[in-house]
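Chain order of the listed sequences is A and B. So the first sequence is numbered by UniProt numbering: it starts at 1 and just counts up by one. So the second sequence is numbered by UniProt numbering: it starts at 1 and just counts up by one.
Derived by calculation from the structure, the hints in this document are not laboratory data. Some hints here could point you the wrong way.
[Unchecked claim] Straight-line distance between alpha carbons at most 27 Å, and here's what the computed DSS-like set of lysine-lysine pairs gives: (1) B:113 <-> A:132; (2) A:111 <-> B:113; (3) B:363 <-> B:411; (4) B:479 <-> B:469.
These figures come from a predicted structure and were not determined experimentally.
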Amino acid sequence: MTTVDFDPGAAAGRATDAILHDTLHGTERGVVVDSPPGAGKSTLVVRAALELADAGRPLMVVAQTNAQVDDLVLRLAEKNPELPVGRLHSSDADAYNKALDDLPQVRTSAKAADLSGLPVVLSTAAKWAHVKVDEPWRHAIVDEAYQMRSDSLLAVAGLFERALFVGDPGQLDPFAIVGSEQWAGLSYDPSASAVTTLLAHNPDLPQHRLPVSWRLPASAAPLVSNAFYPYTPFRSGTSHGDRRLGFAVPSDGSGPDRVIDEAAESGWGLLELPARHTPRTDPEAVRAVATVVRRLLDRGGAATSERSSAPTPLTADRVAVGTAHRDQAAAVRAALAELGVRDVTVDTANRLQGREYDVTVVLHPLSGRPDATAFHLETGRLCVLASRHRHACIVVCRAGVTDLLDDYPSTEPVQLGTLVKFPDGWEANHAVLAHLAEHRIPWSP
Amino acid sequence: MSLITTLARLEAVGSGRAQPAATVRHRHLSDRPLVFVPLTTAGETGAPLGALVGTDRDAPRLLAVPQPRDRDLRFAFLADLADIVLPYVDAYAASVEAAERTETDPETGKRVKVEAELCADAPQLIVPSRAGLDFVRLLGRSMRFRRTAEQDPDAPYPAPPRVPLLGRWLTHYGERSRVPGSSLLLALTEVLSRHWATGQSGLEDQHLGALLAWIDPPDGLTGAEAARRAELERDPAGQLLCPPAGPATDPAFDNKLLAPAIERYDRARTALAAAEDPLEADDRLAALTAAERDVRDLVASRTRPTWDAVWRGLDLLRALPAGAQVEGRWTRDRWSFTGHRDRVLAGEPPQPRRDDAVTAANKLATREREQGRLEAQEALDDPLVMAGRRLTGEAFAGEVTDVVPAYSEGKRPSPRPLVTVRTDDRPHLAERAKVYRSLNGRPQSAEYVGCEGDGVLVVRILDKMGRGKEPEPGSVPEKGDRVCFTLFEHEQRGGAKLPDPEETPWTHGGPPGEPAPEAPDTVTEEDVL
Numbered sequence: 001m002t003t004v005d006f007d008p009g010a011a012a013g014r015a016t017d018a019i020l021h022d023t024l025h026g027t028e029r030g031v032v033v034d035s036p037p038g039a040g041k042s043t044l045v046v047r048a049a050l051e052l053a054d055a056g057r058p059l060m061v062v063a064q065t066n067a068q069v070d071d072l073v074l075r076l077a078e079k080n081p082e083l084p085v086g087r088l089h090s091s092d093a094d095a096y097n098k099a100l101d102d103l104p105q106v107r108t109s110a111k112a113a114d115l116s117g118l119p120v121v122l123s124t125a126a127k128w129a130h131v132k133v134d135e136p137w138r139h140a141i142v143d144e145a146y147q148m149r150s151d152s153l154l155a156v157a158g159l160f161e162r163a164l165f166v167g168d169p170g171q172l173d174p175f176a177i178v179g180s181e182q183w184a185g186l187s188y189d190p191s192a193s194a195v196t197t198l199l200a201h202n203p204d205l206p207q208h209r210l211p212v213s214w215r216l217p218a219s220a221a222p223l224v225s226n227a228f229y230p231y232t233p234f235r236s237g238t239s240h241g242d243r244r245l246g247f248a249v250p251s252d253g254s255g256p257d258r259v260i261d262e263a264a265e266s267g268w269g270l271l272e273l274p275a276r277h278t279p280r281t282d283p284e285a286v287r288a289v290a291t292v293v294r295r296l297l298d299r300g301g302a303a304t305s306e307r308s309s310a311p312t313p314l315t316a317d318r319v320a321v322g323t324a325h326r327d328q329a330a331a332v333r334a335a336l337a338e339l340g341v342r343d344v345t346v347d348t349a350n351r352l353q354g355r356e357y358d359v360t361v362v363l364h365p366l367s368g369r370p371d372a373t374a375f376h377l378e379t380g381r382l383c384v385l386a387s388r389h390r391h392a393c394i395v396v397c398r399a400g401v402t403d404l405l406d407d408y409p410s411t412e413p414v415q416l417g418t419l420v421k422f423p424d425g426w427e428a429n430h431a432v433l434a435h436l437a438e439h440r441i442p443w444s445p
Numbered sequence: 001m002s003l004i005t006t007l008a009r010l011e012a013v014g015s016g017r018a019q020p021a022a023t024v025r026h027r028h029l030s031d032r033p034l035v036f037v038p039l040t041t042a043g044e045t046g047a048p049l050g051a052l053v054g055t056d057r058d059a060p061r062l063l064a065v066p067q068p069r070d071r072d073l074r075f076a077f078l079a080d081l082a083d084i085v086l087p088y089v090d091a092y093a094a095s096v097e098a099a100e101r102t103e104t105d106p107e108t109g110k111r112v113k114v115e116a117e118l119c120a121d122a123p124q125l126i127v128p129s130r131a132g133l134d135f136v137r138l139l140g141r142s143m144r145f146r147r148t149a150e151q152d153p154d155a156p157y158p159a160p161p162r163v164p165l166l167g168r169w170l171t172h173y174g175e176r177s178r179v180p181g182s183s184l185l186l187a188l189t190e191v192l193s194r195h196w197a198t199g200q201s202g203l204e205d206q207h208l209g210a211l212l213a214w215i216d217p218p219d220g221l222t223g224a225e226a227a228r229r230a231e232l233e234r235d236p237a238g239q240l241l242c243p244p245a246g247p248a249t250d251p252a253f254d255n256k257l258l259a260p261a262i263e264r265y266d267r268a269r270t271a272l273a274a275a276e277d278p279l280e281a282d283d284r285l286a287a288l289t290a291a292e293r294d295v296r297d298l299v300a301s302r303t304r305p306t307w308d309a310v311w312r313g314l315d316l317l318r319a320l321p322a323g324a325q326v327e328g329r330w331t332r333d334r335w336s337f338t339g340h341r342d343r344v345l346a347g348e349p350p351q352p353r354r355d356d357a358v359t360a361a362n363k364l365a366t367r368e369r370e371q372g373r374l375e376a377q378e379a380l381d382d383p384l385v386m387a388g389r390r391l392t393g394e395a396f397a398g399e400v401t402d403v404v405p406a407y408s409e410g411k412r413p414s415p416r417p418l419v420t421v422r423t424d425d426r427p428h429l430a431e432r433a434k435v436y437r438s439l440n441g442r443p444q445s446a447e448y449v450g451c452e453g454d455g456v457l458v459v460r461i462l463d464k465m466g467r468g469k470e471p472e473p474g475s476v477p478e479k480g481d482r483v484c485f486t487l488f489e490h491e492q493r494g495g496a497k498l499p500d501p502e503e504t505p506w507t508h509g510g511p512p513g514e515p516a517p518e519a520p521d522t523v524t525e526e527d528v529l
C-alpha cells in the first residue's frame, strides 16, 4: 500500500529537522513531540541531546525508569564516545546498569553536585525531584512524557528553563493508586499526564509528530494507526516484501502451528479458544500461549528484514509474551518453565512499554472475562500489546469477546472539563478484533 | 476482587453468614464518637431534611427542617448542628500534650525537631454510609464561605454565628476521610465491609441494613433472607421496615408521608400569617406547632432505625481487638486535627474552593503514601490479610530449614547469612528480588538467591544484624523458626519536596496569585436566559 512517491526516510528526516530547529532555535519554552510506536523516539532524543551539547547548552535528561536512563546513556556513549556524560542515580544498591562503569566518559554519582559542569546529566524523574539547584539548567529533554504524571513534572520543572517533551500518546496513561476524581477537570490534575497539563497551560507550544514507524511491519502499521491513532496517522517505514518470517520445520497441523503460519504469512494471528468464563489465570489459555511459544522456538524460525540480507534465527530473546495482569504473566512463566522454555520475556503491558521484539504472543486482556472494566478496556493497554513486534503478533483469546464488548458499554462517569480521549477502548478493541477475525485459527491440540 | 475475598464471599453464601475478612480491627474507634445520621430532601441539592446526632446512643438529638426549601429554617438547622458539633470538637481541641515534630528550618534548610502541641485525642465523626461522607463534604462546602453579620455587616443574608466554622471543620473532616487508613470521619458500611465479607455484591454492601443482616442475622434466618427482608419488606402502609441509611430517603416515604406533612405545615404557616386577632393566632400557632411536630416525628421514624443500626455496627467492630498499628495511624489523625485547629486559631481563611497545583500534588502524594502504608500495615497486623497477600504471590511464609553463615566481600566483611525457607506459597520472585520481614516491628531486608526445588527458597539476609562481624543474637532466623517474608516494603519512602505554591513552574500555569473573589454565579456563554 506504500505509494510510490512516499519516501519514509525523507519524511522522517524532515520531521526530525523541524523538531531540532524548534528545539535549538525556537523562542517557545517547550517543544512537544508525539511519537507512535517504534518511530525512532530514542534516536531523536539522543540526536537532540548531542546537538544541544554541541551548542554548549547544559542539558538535563529526565526519563521515567532506571532502565530507560541507562539505555539512553549507552546510546549516547555509542554515538559520541568523547562526550562526558553524568548518570545521577539513587543511593540504592544496583541503582544503575553496571555496564556504565566500563565507559570512561560516564561519571556516575548519587549526588547532583558531583556531576555539575558536565554537558549532559541523565536521571529518572523521581531522582531529579530531590535535586536542588541555584542555577537552572538551560535545557531539558523529558522522555516518555506521556507516561509521566503531572505531579512528577511539577517537582522537576523548576530545574530547567526550556524543555523538549517526547512521548507516545497512545500508550498507557499514568495512573494513581488512590482516587483522584476530586481534581478531574483541573488543568493541573496531578494524576493526568505531564503533557496534558503542559499543553493546558501552554497551548501555543510547537507540537510535532514523527510520521514513520520503523518497528511495525507494513502489515501492522495501518491497523495500529487506524485503531489507536485515528487523527494522527503514521505509516510503516518498510513495505510488505521487506520483512519475512519463515520456519524450517513444517506445520504439524495443530492449532498453534497453524496460527504461527498464519502470523508468519500475514503479520497477525488469532488463536481462538472456545468461549468460557474463566479465572484470570485461565489454565487453558495460559497453556495455549506457552505451547505457541514453544512451537515458535522449536520450528527453527528465521526472520529476514531490511537490517541485514541474511535471515537471523528467531531465538528466545526475540520473542515476548504480553499479558494484562502480573499473575497472568507469572502463570505463563510457570507454564513455559514446564515446557522447558527459558529466556523468553513475559511481562505485563506496563512493563513492555518501549520494548521491541520480532514476534509477540499476547494473551488478550478480555479473554474469558465476564465483564469489561475500564482497566481492561484501556486503549493504551491493547495498543502496547499490539505494537511491540517487528514481524508478527499472535493473540490468544477466548471466543465471545465481541459480545462481551457489546454487553458492557463503557460506563465511566463523565467528568466536566476533562479532555475526552479518542479513540475509546471499546472502539479500539472492536477495530482490532475485526482485523484479527480475518486471521482466526480455532484451537486444536 | 482478590481470590481470598472471592473465597470468603462464596463461603458466606454457603454458610448464610458473613465471613471474617480480618481478625483485628483496622480502624481506630473513639470511646465517644459523634454519630451523625443525616437525611436530605429529594430533588434539592444540599437541603437537609433533618438528622439524628450525638454521642449518647440512648439520647440522640433530633434536628428537623419542617420546610426544607425555606432557607431561614435551613440556617436554623445548621446553627443547631453547629451548637452540637462544635462544643464536641472544642472539648478535644482544648486538651493537648507536648510532642515533637520535624520541620524544615527556614534559615539552614535542615530538618530539625521542634516542640509542638498535639491534641491528646481527636473527635471522631461516624456516618452510616459512603453517601453520608459526600453529604458531610457538601454541607462543609455550602457553609464555609458564608459570612456572619459579625464578619461582614453588609452581607445580604448573614449566616448564624459559628455556621462558617462548622463548614470549615466538616470540610476538613471530609478531606481527611479521603486519606487511606484515616479514622477522623468514617462511613460505617465501609468499615464493616472491610472486616466482613458478605454473600452479596459490593454495591449491595452499601445498604447498612442488608450488611448488618449478613454479619449478624436474626435467629432463624440466613444472611441472604435477612438482607432481602431489610431491603424490601414494607409495612401495610407501603413503607420500608428498614429505611435506607440515607441521606436519601425512600420515594414511597417522600410521596405518601413527607410531602403531605410538609404541605400541612405550609398551610398552617400561611394560616398563621393571615390570622387577624390574637385568639385566632393562638389556635393557628398550635396547629403550626402540631404540623411541625408531625414532620419531626417522621424524620425521627426514618433516622432512628439507622441510628440504632450504627451503634450495633460499632458494637460489632468493638468486639474485635485493635490492630497493632492502628494507634500509630490515629496519631496521624490527631496531627491532622491539631493542624486544622491551629489554622482556625491563627485566623486563616477557609479552605479554597479548588486546590492549587502544588496542594493537589501534595495531597495525592500523601494519599498514595498512606495507601501503601495501610496495605503493608494491615497485612503485618493481621494474618488473614497476609494470607491474601501470600495467595497473590506477594508474600510467603514457611519454616526455616537451614541457615548458612556467609559474609559480604570487601575490606570489612559483614554477615550476609543464607536462610533456606520451605513454603507452600508461590511467591512471584524475580531474580535478586528484595524481600522483607518484620523483626521486632522493624523491617529487615533480604535478597532472593534462588530456588532449591519445589517450595524451597533461599534468601540472603542483608541488614539489621548489628555492626559486628557476627550477627547480633536474634537478628537472624534459626532452623525451625516460622518466618514470613513479604515482597512489598513495610515502610513508605517520603516523596520529594514540591516547590512552594508561589513558585509553581510555568508548566503548571505559574504561581496561583491572590485568590480573586468570584461571583457566586458567573454568567457564561451557555447562559441563554
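Going through the hints against the structure:
1. B:113 <-> A:132: This hinted pair holds, its Cα atoms lying about 22 Å apart.
2. A:111 <-> B:113: holds (25 Å)
3. B:363 <-> B:411: Not satisfied, since the Cα-Cα distance of roughly 45 Å exceeds 27 Å.
4. B:479 <-> B:469: With a Cα-Cα distance of about 21 Å, the restraint between residue 479 (chain B) and residue 469 (chain B) holds, given a limit of 27 Å.
Hint violations for this structure: number 3 only, all remaining hints satisfied.
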